[in-house]
Amino acid sequence: RSGILEGIFSYIFGDGDPNRQVEQVRLREASRVIRASGGAVTAEQLAPFCDVGDPNELGERFLVEEGFVLPIVSQLGGQPEVTSDGDIVYIFPELQISARDDRYERSGAGFDMAYLEEKTLEFSR
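Position one of the sequence shown corresponds to residue 1137 (this note's numbering), numbered consecutively onward.
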């Protein structure tokens, strides 16, 4: 339980955004998947880290439109390439070989790394 002054402060100014670091965590986890795949991934592999609409509502458009991956592709320096089969693969040259220390990658920042889910914003404490 919080005190009366904390309750009033929380009511007037709010409690802050519990998801303020979600974008950094999202990019970090996407880069981890890309590194594990050797620097080349498909849109389906990046979908858990993107803001994708409901595939059931999108229907056939979900299989054709891959615009939902563009924010991650552009922020991590990826390039789309078309395979001989006509599939689109996103290549990330900077993430193919990395000598970076993985301890930074494992820092959780308060988010569950197995499944990235935004936290709910409570009105007041």
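Be careful, since some hints might not be right.
Unchecked claim - Here are the computed lysine to aspartate or glutamate pairs in the EDC-like style, where the Cα-Cα straight-line distance is at most 16 angstroms:
id : residue 1 : residue 2
1  : Lys-1255  : Asp-1153
2  : Lys-1255  : Glu-1159
3  : Lys-1255  : Asp-1151
4  : Lys-1255  : Glu-1202
Hints in this document: simulated from the structure, not taken from any laboratory. Here the structure is a predicted model, which means the values were calculated and not measured.
Hint by hint, which ones does this structure get wrong, listed from lowest number up?
4
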